[in-house]
Amino acid sequence: MELVCPAGTPATLRAAVQAGADAVYCGFRDETNARNFPGLNFSRDELIEGVRFAHGHGSKVMVAINTFARVDDVDIWKKAADIAVESGADAIIAADFAVLDHVARNHSQVRLHLSVQAAAATPEAIGFYAAHFGVRRVVLPRVLSLQEIAVLNRAIDVETEAFVFGGLCVMIEGRCYLSSFATGKSPNLNGVCSPPEMVSYEDEPDGTAARLSGFTIDRYGPGHPVGYPTLCKGKFKAGGKTSHLFEDPVSLNAGGMISGLKAAGVTALKIEGRQRGKGYVSEVVRAFRKALDAVEHGGDAVDIDRLLAGQSEGARQTAGAYEKKWR
Amino acid sequence: MIEPRTDGRQHMQELTLPGFFQRLFPMAAGLPIGPLLTLSLRRLARRRPGLFERLGEYRAVRYAIDPVDLAFAFCVVPDAERSSVRVVSKGATAASDVLIKGPLLTLLSLLDGTVDGDAMFFSRVISISGRTEAVLALRNTIEDAELRPADLLGLQGVLAHCVDTGVLGALGAARRLAGRNQSET
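Same order as they appear, the protein sequences are chains A and B.
In this text, residue positions in the first sequence follow the working numbering: the first is 1, and each later residue adds one.
In this text, residue positions in the second sequence follow the working numbering: the first is 1, and each later residue adds one.
A portion of the hints provided could be inaccurate.
Claimed, not checked - Short derived list, chain A residues pointing at chain B, Cβ under 10 Å:
#, residue
1, P196
2, D203
3, E204
Stated by the list, open to error - Residues of chain A placed beyond 12 Å of chain B at every Cβ, according to the derived structure:
#, residue
4, S108
5, G240
6, L245
7, K262
8, A268
9, A319
Keep in mind that the hints were calculated from the coordinates and are not lab data.
No residue lacks a Cβ here, since even glycine has one placed at the ideal position from N, Cα and C.
Isolated chain A (complex conformation) (with noise of 0.2 Å):
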């Protein structure tokens, strides 16, 4: 199985190379991929740069341009496109239709790979995209559990990528609504969910308050922990209570389920957490090499969770739906 790691920039390509990823995955510095965050991700010239170091060590590149294009301007994905695979990137990473032909066409030498964006999960869908862009692999929405990994896989003839740890999304792939309907912006086609613009964190009489484009989404005490206002992890007032109504604020992670994930079929465990720093990074990676190789070689299980808990979200874990132990 190959081990796919986020890269936010050039530096936290190389700590991910170097702390044992297979493959890296990185965006360019514009709304055609969906981490586009100010300060975040790759020039031209670096990720030329980013690929001579990944291949000197081993590992792939991987380029997401994974945003739905604009309708009247859809030629910067497709000259994204065109610049990856000429700095020599590994792969594609799409979900818009037009990305999608464009590359098929006129790169057919390079892998695609459908983004997560797309919410692929049957095999139609994915056997549509395979009969009709030559996609070789399908990054799997975080919806099904490892049972239905396993009859999909059985049932197409492309690779499949699943996450195994970082950020949770309660929204479709590729479908949210919530960051529009507050901020105008939407991660589908801007590349950014909750933007950094439109976030505050105003210090009142009861508390701390985070919020985004003058919602509240969090109020906290003196001297607590504050986080990001993300809308679907907001606390809200609904019935009469205050509570996470969307989302609990919690980390994936299923390091313990890569057995599970082999045994399905799955081709490659994909990191989440382009926005995040270096030693993050490392840390993670080095820990689901460490587990990856113990699965792979027959060695000792590893306490993944015990070696990442200090790197979840609100210090929380979950299985997400690989178990769906809510049915």
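Got chain A; can you put chain B on it based on the hints?
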């Protein structure tokens, strides 16, 4: 998005400057720290223009850096070869676009990557106000920069290595001393 995390192994303490350092710094306020740091930043821009390119439009932002254990603050405009660093009074920080407050040792540790900026912010060791997007741009740029003291001093080769070892060693010692003082009080 930046996600908060807690790391049970890190002590989210405010590493306050030991008393004798604090007594030294009022004297240092009279030195031309601002012009010296301005020269350093401009020298860094010449050696590593990519850093400032990464900052993009946020190069023109006025960042106020307020070490809470010093009697003065800094106003930094990281505009590449037009960068400026001024020593200002605490009251003057209100005119900045961004205000970053925290213990000096923690702020310095952010520069050399010893501590994670996200962790320091979410655990409230440092506080940030103003334009959040400018803070994020600065955070991502510093994360990628892997700065060393020699970078700021424009040194290379063996001299750079000696200075890095010396300065980082001194910084480490100061952190350990501050940590011990914190435990004893």
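Comparing the hints with the structure gives:
For P196 of chain A, the interface hint holds, since its Cβ comes within 10 Å of a Cβ in chain B; the closest pair sits about 4 Å apart. Proximity of D203 of chain A to chain B holds as hinted, the smallest CB-CB distance being about 9 Å (cut-off 10 Å). This hint is violated: E204 of chain A has a C-beta 13 Å from the nearest C-beta of chain B, more than the 10 Å allowed. With a least CB separation of 33 Å from chain B, S108 of chain A remains clear of the 12 Å interface cut-off, as annotated.
Distance check on G240 of chain A: its Cβ is at least 27 Å (rounded) from any Cβ of chain B, clearing the 12 Å threshold; non-interface status holds. Here L245 of chain A stays apart from chain B, with its beta-carbon at least about 18 Å from theirs, past the 12 Å limit. Remark: the non-interface label on K262 of chain A is consistent with the geometry, its nearest Cβ contact in chain B lying 28 Å away (cut-off 12 Å). Distance check for A268 of chain A against chain B: the nearest CB is about 23 Å away, which clears 12 Å, and the non-interface claim stands.
Even its closest Cβ contact with chain B, about 18 Å, leaves A319 of chain A beyond 12 Å, as expected for a residue assigned away from the interface.
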